[in-house]
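K.L.:
Chains A and B, in that order, give the protein sequences.
Sequential numbering from 1 applies to the first sequence in the numbering used here.
Sequential numbering from 1 applies to the second sequence in the numbering used here.
Incorrect hints may have been included.
Same chains, same names: a pair is fine if it fits in one copy or spans any two.
As the list claims (entries may be wrong) - Below, in silico cross-link-like pairs of lysine-lysine (DSS-like), each with a Cα-Cα straight-line distance of 25 Å or less:
#1 LYS475 / LYS485
#2 LYS471 / LYS385
#3 LYS112 / LYS485
#4 LYS475 / LYS385
#5 LYS364 / LYS475
#6 LYS485 / LYS519
#7 LYS471 / LYS259
#8 LYS364 / LYS259
#9 LYS130 / LYS112
#10 LYS259 / LYS519
#11 LYS475 / LYS130
#12 LYS485 / LYS385
#13 LYS485 / LYS130
#14 LYS220 / LYS539
#15 LYS539 / LYS519
#16 LYS485 / LYS471
Hint data in this document are derived by calculation from the structure and do not stem from the laboratory.
There are 2 protein chains.
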Amino acid sequence: MPTVLPDSDNADGGSIYMSVDSSNSYAYLCGEDLDVEVRVRRVSLSNQSGDLSGEYIDLYDTAGGIAEGDHGVRQLRQHWIWDRDDVAEITAEATGSRSKGAAQPIVRCVAKDGAFPTQLFYARSGVVTKEMQYIALREGVSAEVVRDEVAAGRAVIPSNINHPEVEPMIIGSRFLVKVNANIGNSSVKADVSSEIAKMQTAVRFGADTVMDLSTGQDIKGTREAIIRNSPVPVGTVPIYETLQRVGGSAQDLSWAAFKEVMIDQALSGVDYMTIHAGLLLAYVPLTAARVTGIVSRGGSIMATWSLAHHRENFLYENFEELCDIARRYDVTLSLGDGLRPGSIADANDEAQLSELRTLGELVKVARDRYVQVMVEGPGHVPINKIEENVQLERLWCDDAPFYTLGPITTDFAPGYDHITSAIGAALIATHGTAMLCYVTPKEHLGLPNAQDVKAGMIAYKIAAHAADVAKGHPKALEWDLELSKARFEFRWEDQFNLALDPEVARRYHDETLPAPAAKTAHFCSMCGPKFCSMSLSQKLRNDQEFKEGMNEKSKEFQRLGGSIYVRER
Amino acid sequence: MPTVLPDSDNADGGSIYMSVDSSNSYAYLCGEDLDVEVRVRRVSLSNQSGDLSGEYIDLYDTAGGIAEGDHGVRQLRQHWIWDRDDVAEITAEATGSRSKGAAQPIVRCVAKDGAFPTQLFYARSGVVTKEMQYIALREGVSAEVVRDEVAAGRAVIPSNINHPEVEPMIIGSRFLVKVNANIGNSSVKADVSSEIAKMQTAVRFGADTVMDLSTGQDIKGTREAIIRNSPVPVGTVPIYETLQRVGGSAQDLSWAAFKEVMIDQALSGVDYMTIHAGLLLAYVPLTAARVTGIVSRGGSIMATWSLAHHRENFLYENFEELCDIARRYDVTLSLGDGLRPGSIADANDEAQLSELRTLGELVKVARDRYVQVMVEGPGHVPINKIEENVQLERLWCDDAPFYTLGPITTDFAPGYDHITSAIGAALIATHGTAMLCYVTPKEHLGLPNAQDVKAGMIAYKIAAHAADVAKGHPKALEWDLELSKARFEFRWEDQFNLALDPEVARRYHDETLPAPAAKTAHFCSMCGPKFCSMSLSQKLRNDQEFKEGMNEKSKEFQRLGGSIYVRER
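Assemble the whole structure, with the sequences as input and the hints as a guide.
P.N.:
Written out as structure tokens, the structure is:
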């Protein structure tokens, strides 16, 4: 009995969720440590008559308990965190983090005095944490590789001690390329339940992290609801909530106000925070001649504050203290690129690159304080200028994981920026970007709905996977190979089940050939039975005469030195 | 009054056609030769209060007379062709090409004895044809550049003397990257009017050529209807109709049967033909160990014939005669890659590359006979193996225009192969591919409908344009720049009108902010008024204090040597 999960906010009438049945289900992989169970999507394969063959392939899955539609997210990390004995309980009331209408103060935790509860600290101390074990199983590598990469700062594991629901994942160029989905409300459109639905849509389609970029009503309540339901790390940009708290005027921002928000968000379990600390006052004039000025929200807010006060960016000035706060909760810092280009005309300009160099300086400060750190990148970049971004980031930021927004490779297609940017994303990830922030079709035009979230996720899972394939990742190659074999052997059900989006693959096929018999037919409606090349090619291969002919010709080919025929005239 | 063109076969309820109004209309550019009028899409720009400013930008347009919805296609080339005095009338009846139910034999033309009515012949003779003048205006280059590139064989102008309706276009890496849309029926689904509708949808969204790949009922009638209504060159794969004529069995094919079909199609006006002449018998065994064998329809047909008879490919054996037929009508040859990979596992293998080398040999044969020729390429290729395809094609095929199908960069996403392949297409075009054959979302699953044609076209116009931008094409950069400026200045109407798909851009914006006032508002629903970075950035720029601050900081920056700040601790 297939279980089709409930649908939400679906514009085109088809189901936007994957169906779960006997040949497309979930399983848990266990390592030596029985405490570590990694959830995977298991696709059972069939033979050419359409019966299950007993073979299967396990695929990386991000949906947590959400996809089954029953138990919800697990608090997988709860006792891992406590067992390390480096954190202490506090009641959130003390810091003002009590939820509206909550009967009890919420219990949250913070580092014990002198303790460093970060994955970076443990990695450098030679300790393989449970999180690292989980990731090793999930990525198909040894736990030692995970520890090494984290210790070197080439990878991060965003996992706040107050977000026990996270299924650990890693961001680093030696691992599978990750995808982040931005969600969150705006003052024009705000509704907590639709944000939860967007988060769930995102993780069902493979979001490795989500960022809550809410700027509208009840930022805090929306974030808390997302975190408590999210099996993936949640990121935020704390300056947004800070701006709201000070009444919406950038001039009124202060380090004190920011710090309060940062602690509050850390206590609620935010796994990583975008910090625009590299946008120095001196760089702002460099944007004056730009076609599109400053297009990062955080960047324009900080630039406004700096200019209004003629003072250096307070996030830069207080960066050490900021790191110390992050360390207490193992919040990973994501150094924001406030001066990223907003059009291809502005790509790789002095403003952008100056900030990137400062981010490299901040990477060192964070690492010295045992704080996990990654670096954000553009934005809008034409294909010919993409590689340079990765090269400079690796050089200036000492191989810190690079996390880019697209980039969009042309500005002429609003409404389709999931595609203009999937091109850039695939390319930048092939060159070494570790995580891609998706762009939805609504970019530049409006707030995405759940259907837009799906469209963005699909485009970005494609970009990330195409990069994994290009980088030769064995898991990515295996997935493509299994699908191609199913295709050549006309195992249609396997083709659908192995697809990134099984429901859509099946629906498109069934539009013209809905009969059950078509699921084992040696053709589809694209070419029909007589013109199916794969069918002809299969027949050729099975034909005895062909086999003999092949042998003969093969020998002839070898005799000629294995080179190509030379035509005689 | 906006004229919204009639909709057809539209799955999601929105209009799939562009609306035409006072700020988004059509115009004709004239050169010195008043006989040469180039149709463009003219976007009139507005000022910041929303009134027309008198400025405009002209965009390359492929829709011919179809988009106005009134006069239909023009017979633009009719007297250009006759004025050259190198062709003679024949009645098509003589070759069996009379349409069913036609009251009169159709008058068609053929080269006069000893005359070479090809663009290549004229280019080499130093003659700039009307077609070349048209193209020079259209591409914004001198006519001499057009002639040079054609003469060298680095570009082709597919323009059969029996297709006077064609608005001339050029395929070559020095020009704008072109996109082909495959249409055509199959035995499972066949209907002439829906094929016409697909062609019209394709050209409205920018298809530079269409290929009629029909394999179902009434191949001839479908083709004739498409050609007579098409303002863009039409390509075919004549082996399909040949196979149908001999009853569907590849063994029964022959050079005689093929030749008859080729002449028939040339008389009906087919501008370019895919010929699988490079698939030699010796290469077939090289496919035996492949994951997906032979996936080109034409390739699998020719391989079957070759193996069945143990004889060399008859298209290869008779290639000189084939060229002589093509020359009589100025049919451009497109050398098919019958052994292109059907999965990334098979990319750049010995089978594929052996055939490519043979295609290089055939390029020389065609050029020696004044026949325009291009070379087809893959297919399914991971990102890391794409560049090699272009390098080898240029080397082995002496810079003949390369025309690739995608390539698809990962096999795991059936239902989304317009995206998996737009990534590869953008990349391969950046490296020098001259024309991209689109892939629709239905690839591998079924026959595309008009909505799929639109989705494929949009993805490929993006890929082609992203490559033009990367190559620094001035027209492409200008388009992106104008849109970016409109975006930064909140000229929403200009942003919509300049968009690749104005209707979708407008609809997405209006989903959350439909009020007319929102069209001049300094924000959209994505961020709302307080968090709009562009709005903040604009305010900054207009602010007197900011300007002074910028000057001061700018001087300070210069004083420090124009380098970045060094942090003092």
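K.L.:
Each hint should be assessed against the structure and marked as holding or not.
P.N.:
Right, here's what the structure says about each hint:
In the homo-oligomer, the alpha carbons of LYS475 and LYS485 lie at most 25 Å apart inside one protomer (15 Å), although the nearest pairing across protomers, at 43 Å, exceeds that limit. Within a single copy, LYS471 and LYS385 get their C-alpha atoms as close as 20 Å, and across copies as close as 11 Å, so both meet the 25 Å cut-off. In this assembly of identical chains, LYS112 and LYS485 lie within 25 Å of each other by CA distance neither inside one copy nor across copies; the values are 54 Å within and 52 Å between. For a Cα distance limit of 25 Å, the shortest separation of LYS475 from LYS385 across copies, 19 Å, qualifies, whereas the shortest one inside one copy, 29 Å, does not.
For the homomeric pair LYS364 and LYS475, neither the shortest alpha-carbon distance inside one copy (33 Å) nor that between copies (43 Å) is at most 25 Å. In this assembly of identical chains, LYS485 and LYS519 lie within 25 Å of each other by CA distance solely inside one copy; the values are 15 Å within and 51 Å between copies. Neither within a single protomer nor between protomers do LYS471 and LYS259 lie at most 25 Å apart by alpha-carbon distance, with minima of 40 Å and 46 Å respectively. Proximity of LYS364 to LYS259 under the C-alpha cut-off of 25 Å is restricted to the intra-copy arrangement: shortest distance 21 Å within a copy versus 71 Å between copies.
With identical chains, the CA atoms of LYS130 and LYS112 are at most 25 Å apart within one copy only, with a shortest distance of 20 Å there and 82 Å across copies. For a Cα distance limit of 25 Å, the shortest separation of LYS259 from LYS519 qualifies neither inside one copy, at 59 Å, nor across copies, at 38 Å. Proximity of LYS475 and LYS130 under a CA criterion of 25 Å is satisfied intra-copy only: 22 Å inside one chain copy versus 55 Å between copies. With identical chains, the CA atoms of LYS485 and LYS385 are at most 25 Å apart between copies only, with a shortest distance of 21 Å across copies and 37 Å within one.
When the C-alpha separation of LYS485 and LYS130 is checked against a cutoff of 25 Å, the pair qualifies neither within a copy, at 36 Å, nor between copies, at 51 Å. When the C-alpha separation of LYS220 and LYS539 is checked against a cutoff of 25 Å, the pair qualifies neither within a copy, at 63 Å, nor between copies, at 29 Å. For the identical chains of this complex, LYS539 and LYS519 are intra-copy neighbours only, at 19 Å inside a copy versus 60 Å across copies, given an alpha-carbon limit of 25 Å. For a Cα distance limit of 25 Å, the shortest separation of LYS485 from LYS471 inside one copy, 21 Å, qualifies, whereas the shortest one across copies, 37 Å, does not.
Consistency note: the structure conflicts with the earlier hints numbered 3, 5, 7, 10, 13 and 14.
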